[in-house]
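Colleague: This is what each chain is made of:
There are 2 protein chains.
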Amino acid sequence: MSEQAKQKNGHLVIIGGGEDRKHDMEILSRFVELSGGASARIVVITAASQIADEMWQIYDGVFGTLGVKERAHCEITSREDANSEDFVRKVGEADGIFMTGGDQKRLLALIGGTAMDAEMHNALKVRGATIGGTSAGASAMSGHMLAQGRTDLLPEKGSVSLGAGLGFLHRVVVDQHFSERQRLSRLLSVVAQNPYLQGIGIDEDTALIIERGVGIEVVGEGAVTVVDGRSMSTNVAEIKDRATPELIDVRLHLLPAGSKYSLPDGQEQTGKRVPPQLLDFLENVTKRTTLS
Amino acid sequence: MSEQAKQKNGHLVIIGGGEDRKHDMEILSRFVELSGGASARIVVITAASQIADEMWQIYDGVFGTLGVKERAHCEITSREDANSEDFVRKVGEADGIFMTGGDQKRLLALIGGTAMDAEMHNALKVRGATIGGTSAGASAMSGHMLAQGRTDLLPEKGSVSLGAGLGFLHRVVVDQHFSERQRLSRLLSVVAQNPYLQGIGIDEDTALIIERGVGIEVVGEGAVTVVDGRSMSTNVAEIKDRATPELIDVRLHLLPAGSKYSLPDGQEQTGKRVPPQLLDFLENVTKRTTLS
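Top line first, the protein sequences correspond to chains A and B.
Here the first sequence is numbered in our numbering, starting from 1 and rising by one per residue.
Here the second sequence is numbered in our numbering, starting from 1 and rising by one per residue.
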């Protein structure tokens with residue numbers, strides 16, 4: 001299969017924040033490579049950040065260093081910007097779309113439901129483009145988005161609130177800076193009350209790369225932690241707000257950098273055999289959702 | 001069933017360190033109550049600590065405040081002490097035996113395999129006494145003892161070493177100060193390489209109380225975390241030392257203070273229905289092991 005055809009699947013590069021931008025830039029160069037390499041057109045969406053221009057300067061520099069010539073900034077400060085013909089066209093022509101860190105609520109308030117949002121779905125699902133996001137840009141990718149929540153020593157009922165994210169992934173919720181900020185208890189708080197969602201915790205300088213219909217890979221320095229509460233037994237419905245729930249039988253998967261898994265019926269068998277207990281997660285995140 | 005008969009089962013009071021010794025003293029007063037209340041004879045084993053006398057002063061004060069009149073210190077600085085008639089008799093007459101914090105390796109080096117060790121097993125299993133331990137005294141209770149290990153952000157192969165503990169519990173390993181010192185990754189390091197063992201992480205000012213043959217209860221301020229790797233799939237055998245293993249399908253249970261479970265066929269049904277996924281853990285830790 002040619003590189004061209006391979007790209008048609010569409011990739012998500014979901015980064016836990018703090019990715020290396022000075023040394024080997026492993027994750028960002030993978031993002032560039034998946035976007036088509038030096039000839040790729042890359043747009044940077046800085047809408048999550050209050051210091052959009054500064055963010056643009058940083059990523060413009062990095063992508064330039066990585067050989068990308070066609071780089072564009074979608075500087076969005078209003079929903080009108082996110083509906084403007086100019087920016088929608090830029091996204092419509094991009095091979096790689098990168099969302100910076102900042103605040104995922106700000107990002108969604110500005111672009112959620114706009115023409116640019118629709119164009120991003122089109123890019124991923126129809127044109128097979130690559131969509132990357134770090135920190136807030138990572139959390140924004142799922143349909144149910146971790147909007148905010150305290151990090152306490154133990155999970156607490158009602159301590160985390162969800163919002164509506166971009167929906168490139170479903171039935172999951174993404175948290176970032178995961179091991180560094182000790183956020184397992186926060187992710188368990190989400191899963192305790194929303195067992196419908198599988199929790200994905202991504203460490204700093206670590207990315208979960210998803211190729212739609214094919215498989216996943218973990219790259220970088222840390223690991224990806226998955227918590228699955230679907231088999232769980234819990235008293236969360238009965239306890240008071242801020243109390244710690246009983247959680248019995250939460251399934252936990254730790255996928256260190258270097259882990260790679262392909263769907264058994266994927267187009268390519270690049271990854272190793274999938275442990276059966278991970279298959280369901282793999283099928284869910286690689287699902288080819290349609291434009292709807 | 002009378003209080004007298006009830007005590008025959010034998011209790012373990014396994015405390016994650018930092019138990020309250022000034023205010024409500026919830027955990028230590030439960031220890032006293034389970035030992036028989038004010039009329040109980042309580043001995044304190046300070047062998048884990050380098051400041052044995054200081055430790056004795058503290059617990060002598062606490063148990064005195066809680067109304068216990070017969071309090072004794074087993075001040076052990078050599079294995080000869082732990083084989084001495086005087087101390088063995090004290091343990092042999094005790095209704096409650098309490099092991100302080102310090103270093104569990106020191107504790108085991110001094111009392112492991114001595115006449116006092118044997119007398120403690122007799123106290124628990126034949127006389128139905130109560131054995132309490134906090135911090136190092138908690139870790140020392142299991143047959144495989146967490147001897148030492150770094151706490152890193154992620155689990156690492158070969159980063160934790162086990163030793164031989166007192167063996168009041170089997171097929172488990174106990175860690176303490178659990179949430180406060182963010183020790184899940186350390187416990188996962190143990191379980192990754194020793195899936196035979198279920199990991200028990202106990203928070204500060206929190207105790208796992210085990211009544212042999214009957215059930216368990218969590219008291220205090222935090223929670224008890226159980227990690228079970230028996231269904232796990234992992235690459236730990238193939239990776240290098242210090243690398244982070246892939247862990248698929250570790251089962252995690254979070255039992256907050258207030259949790260109470262009885263064996264379905266226990267002598268008393270004081271706890272609520274046991275979630276089926278917890279039954280195996282419950283059966284293991286409440287097992288009436290014999291003197292052997």
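Worth flagging that the hints you see were computed from the coordinates, not collected in a lab.
Don't take each hint at face value.
[Claimed, not checked] Restricting the straight-line Cα-Cα distance to at most 20 Å, the calculated cross-link-like pairs of lysine-lysine (PhoX-like) are:
1. A:K240 x B:K240
2. B:K8 x B:K287
3. B:K157 x B:K240
4. B:K157 x B:K125
5. B:K240 x A:K260
6. B:K90 x B:K125
[Claimed, not checked] Pairwise CB distance ranges (calculated):
7. B:K240 x A:K287: 31 to 37 Å
8. B:D60 x A:D241: 37 to 43 Å
9. A:K240 x B:D265: 30 to 36 Å
10. A:Q148 x B:R21: 34 to 40 Å
11. B:D241 x A:G37: 32 to 38 Å
12. B:S231 x A:P264: 19 to 25 Å
[Said to hold, decoys possible] So these bits of chain A aren't anywhere near chain B, every CB distance computed over 12 Å:
13. Q57
14. L66
15. R79
16. R181
17. Q182
18. G213
19. R273
We treat Cβ as the ideally placed atom computed from N, Cα and C, and that holds for glycine.
Colleague: Can you list which hints this structure breaks, lowest number first?
Modeller: The structure breaks hints 1, 4, 16, 17 and 19; every other hint is satisfied.
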